[in-house]
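Asks: Now for the letters of each chain:
Number of protein chains: 2
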Amino acid sequence: MFESAELGHKIDKATHEREVPKLREALLDAQFDFVAARKFQVIILVGGVDGAGRSETVSLLNEWMDPRHIEVHGMGDPSDEERERPPMWRFWRALPPDGRIGVFMGSWYTWPILDYVYDNIDQAAFHDKIERITHFEKMLVDEGALVVKFWFHLSRDGQRKRLKALEKDPRSCWRVTPRDWSRLAMYEKFHEADEQALRMTSTADAPWYIVEGADPRYRELTVGKILLEAMRRRLKQKAKPAKASSAPPLLPPIDNLHLLKSLDLSQSLSKKQYERALEEQQARLALLTRDPLFSEISVVVVFEGNDAAGKGGSIRRITGALDARNYQVIPIAAPSEEERAHPYLWRFWRHLPRRGRLTLFDRSWYGRILVERVEGFCPEVDWMRAYGEINDFEDQLARHDTVVVKFWLAISKDEQMRRFKEREQTGFKRYKITDEDWRNREKWEQYESAVCDMVERTSTDYAPWTLIESNDKRFARIKVLTTLSDRIEACLDARRKKMKKQNGDKSKSRAGRK
Amino acid sequence: MFESAELGHKIDKATHEREVPKLREALLDAQFDFVAARKFQVIILVGGVDGAGRSETVSLLNEWMDPRHIEVHGMGDPSDEERERPPMWRFWRALPPDGRIGVFMGSWYTWPILDYVYDNIDQAAFHDKIERITHFEKMLVDEGALVVKFWFHLSRDGQRKRLKALEKDPRSCWRVTPRDWSRLAMYEKFHEADEQALRMTSTADAPWYIVEGADPRYRELTVGKILLEAMRRRLKQKAKPAKASSAPPLLPPIDNLHLLKSLDLSQSLSKKQYERALEEQQARLALLTRDPLFSEISVVVVFEGNDAAGKGGSIRRITGALDARNYQVIPIAAPSEEERAHPYLWRFWRHLPRRGRLTLFDRSWYGRILVERVEGFCPEVDWMRAYGEINDFEDQLARHDTVVVKFWLAISKDEQMRRFKEREQTGFKRYKITDEDWRNREKWEQYESAVCDMVERTSTDYAPWTLIESNDKRFARIKVLTTLSDRIEACLDARRKKMKKQNGDKSKSRAGRK
Chain A
4 MFESAELGHK IDKATHEREV PKLREALLDA QFDFVAARKF QVIILVGGVD GAGRSETVSL
64 LNEWMDPRHI EVHGMGDPSD EERERPPMWR FWRALPPDGR IGVFMGSWYT WPILDYVYDN
124 IDQAAFHDKI ERITHFEKML VDEGALVVKF WFHLSRDGQR KRLKALEKDP RSCWRVTPRD
184 WSRLAMYEKF HEADEQALRM TSTADAPWYI VEGADPRYRE LTVGKILLEA MRRRLKQKAK
244 PAKASSAPPL LPPIDNLHLL KSLDLSQSLS KKQYERALEE QQARLALLTR DPLFSEISVV
304 VVFEGNDAAG KGGSIRRITG ALDARNYQVI PIAAPSEEER AHPYLWRFWR HLPRRGRLTL
364 FDRSWYGRIL VERVEGFCPE VDWMRAYGEI NDFEDQLARH DTVVVKFWLA ISKDEQMRRF
424 KEREQTGFKR YKITDEDWRN REKWEQYESA VCDMVERTST DYAPWTLIES NDKRFARIKV
484 LTTLSDRIEA CLDARRKKMK KQNGDKSKSR AGRK
Chain B
4 MFESAELGHK IDKATHEREV PKLREALLDA QFDFVAARKF QVIILVGGVD GAGRSETVSL
64 LNEWMDPRHI EVHGMGDPSD EERERPPMWR FWRALPPDGR IGVFMGSWYT WPILDYVYDN
124 IDQAAFHDKI ERITHFEKML VDEGALVVKF WFHLSRDGQR KRLKALEKDP RSCWRVTPRD
184 WSRLAMYEKF HEADEQALRM TSTADAPWYI VEGADPRYRE LTVGKILLEA MRRRLKQKAK
244 PAKASSAPPL LPPIDNLHLL KSLDLSQSLS KKQYERALEE QQARLALLTR DPLFSEISVV
304 VVFEGNDAAG KGGSIRRITG ALDARNYQVI PIAAPSEEER AHPYLWRFWR HLPRRGRLTL
364 FDRSWYGRIL VERVEGFCPE VDWMRAYGEI NDFEDQLARH DTVVVKFWLA ISKDEQMRRF
424 KEREQTGFKR YKITDEDWRN REKWEQYESA VCDMVERTST DYAPWTLIES NDKRFARIKV
484 LTTLSDRIEA CLDARRKKMK KQNGDKSKSR AGRK
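As you go down the protein sequences, you meet chains A and B in turn.
Going by the working numbering, 425 is the number at position 422 of the first sequence; the sequence numbering is gapless.
Going by the working numbering, 397 is the number at position 394 of the second sequence; the sequence numbering is gapless.
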């Protein structure tokens, strides 16, 4: 993998001096077009061994191009706000919008590699983490980003020489730390980890460029030319090419029997039953969310459903049981300008709750495979990949001790008509029926298919869908409340059990030592 | 101040049951109009003594209105990201956009009151903090926000009774903490602090409503009615009324002599002088920003100037000396949708640097009193108040150990013409001269007046303007670099001196004790 980067690449001074001015002009011009177009973002990863020229390269990019449109993220230890979210949250919040270049020193590769080298995780876990990275980068590229990954390499000898040279020069000696030397001592282990990571993530979408770091002139010209060609090529693609999907199309079952039809929508509760159950379940939820262990987990609740199915009413029955300081309700409508300039999941990542808190999404990322699919707002290739992207997203949440609860509130077509008519007759503006509601209704069957595909493809053991029979509002609200409490309770119980077991193990091992 | 809130206000059950349904309907309808209009935000402060119904009120608002458009901020201890910015940063980042209601439990009043009660600050410092709050709230209101402030009061006896009742009930006993009892013991001191804060901040723009907290029915109806009337009245005002300014207008000096004319634009450096000075000053800046003490301060640099005055070139000479991980350059163009939905300073607050970092603004909040004034994008009353608002903003930065450095890059009208023509002849797209550049040039004298007013009104000892004679680019860049380093150096020296003195005092007091 690194063979070619140990050949001793060199560029002579004359060539360098001749080439650099042209390259800088060309880079500046490409950047100008890129900023003016605001069609995509550039994400540059700067990785490699200590002393191989990473920070010099970042400074160079800022010098050669217009630093006003470049953001550099030197990712150190996460802040407390970052630690309370899944590990990728800090990278999501730092993603540049269209028309800006984001440079990451210390990236999503750093921590998996360190964990592996220092034996915090085994090879299988390491590969698993690396595999997730390929998913993430593929999503970025599919969303239009240009991802350019540079790896600066030095042989073990080369690295030792370089660190010594840096140490000798009073202008750079502060850059060499004891950590650099201790890492050099582990060169082999790093080498092995790096090679695995680079090999597994050198994809067609986002290949690595391994650059020999010994000769600054060679390094500079190489980096500059790769970046220039990458930007030029991407700029030439007039828009994101609307690829035709070559996947087998999703068709409704040929016997026309599907999940939604299997629901018994006639289930209902009497007023008396409802009031008793409501009080009971709200008290239960209130207690669960005040459990001391609750401060160690987060909860994300997704509400999707037919128009007029009663999402708002169900949400209010949940929030009625919560401390208002601990939750946020996020209504999802059309994305803002800033949100449109980022990958579509960005607007949801930014609202993820801290530990001990809940976020309730009134409509959600599932818009991608519901309304955007049915209305044709996004091409089939794009919504087809969303199933996997969403599963990845929710998997990250679940792994970070977030309970993900997803509700589909289903009503029959007749019941919807009844509610629309009822609403038309009330005087309250907030219940106004819009033309859009009527239009959506015309596509009832298409939405049904989309919902069935959604449930089939995104109902996972870590984030299952719950279908809520909602023709009777009372029945629906109680089922929502009960399901939510069940899920939180199960999570807290599992934690309690785990803690007990750990404590048991500890006292056992203490006993054994005596 | 609290007399009327100790009268024992009560509402009987029958009245309450009759009034509540009407009130809820009306509130929901007002909220619907408010969300649809997206013309302003509602900011609700919920303050008062422990046990007087603050959290009940917040829950009530969420129950009576649509919680999807309400954000509740229970402000606890600041996170590390928050501690590294001025104290108001966490409130700025939590400000709701137009069309949303933000409820603050624990607000910008909480910490000044606690500091005063627990003798961390004296009365003068307390008043100073409170005075700043009135400025902040006035700015919010002037920017269009509806600010509604509720204070829930109980007499000392009433509070004791209430805490005991809460403690007795198993459903609420968890809410009473030892802290509540220890605060009750300090009732008088809190009473005095609260009264001062409320009196000083009960302004015509944002008055306090003191609500007796003993009777829940009285409390609920009072809060609901005040909020309803406030929203209704604000909604009726079709748009923000374009008030005519009654202030004496800003006129240019009658003898036509002004600051910019007093600049000696002929100052220049030879190429050799420049190169030596550049190397020297960049090395100096590099060392200063790597000083261990630098990690305790932040730096904000503002670049304003005539078109083609060389802002970009000066910025690149600064960034060339910095570690790319420690700075951000923020180019300011037209605000995004999300930024327009907040007070105009919001978009600058969000980019404030953490400790040990620099933010360079290429154009800035001064747009308000330059382009927006000259082009008539905002009415005179609005830009007239911006001078004070900006001084307040920069004062907060300076108090939080942020070095604020502001440059005006001045060139002569002839020199600008020369540069425009030169640019028209180069092939580089990035130097394209737009129609707007020519239009701005036509208003040269108006911009000159605006700049002179700006310098006169916003050059403070904590954030002075430096005018940069920029007809010669070399001279300009060196003056920029030198000024920046001078300011950082002065700040670091002052810190070092203070530390030494403190250490000296410590060892003296140790010696004294022997």
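Any given hint might turn out to be false.
Copies of one chain are not kept apart here, so a pair can be met inside one copy or by any two copies together.
[Unchecked claim] Computed cross-link-like contacts, PhoX-like style, restricted to lysine-lysine with a CA-CA straight-line distance of at most 25 Å:
| no. | residue 1 | residue 2 |
| --- | --- | --- |
| 1 | 16 | 274 |
| 2 | 132 | 42 |
| 3 | 239 | 274 |
| 4 | 132 | 192 |
| 5 | 25 | 476 |
| 6 | 509 | 25 |
| 7 | 476 | 416 |
| 8 | 141 | 42 |
| 9 | 25 | 432 |
| 10 | 476 | 432 |
| 11 | 164 | 141 |
| 12 | 25 | 274 |
| 13 | 25 | 132 |
| 14 | 446 | 503 |
| 15 | 435 | 239 |
| 16 | 239 | 171 |
| 17 | 504 | 171 |
| 18 | 424 | 42 |
| 19 | 446 | 167 |
| 20 | 16 | 275 |
FYI, nobody ran anything at the bench for these hints, they're computed from the structure.
Asks: Honestly, which of those hints from before does the structure not fit?
Replies: Hints 2, 3, 6, 11, 13, 14, 16, 17, 18 and 19 contradicted; others consistent.
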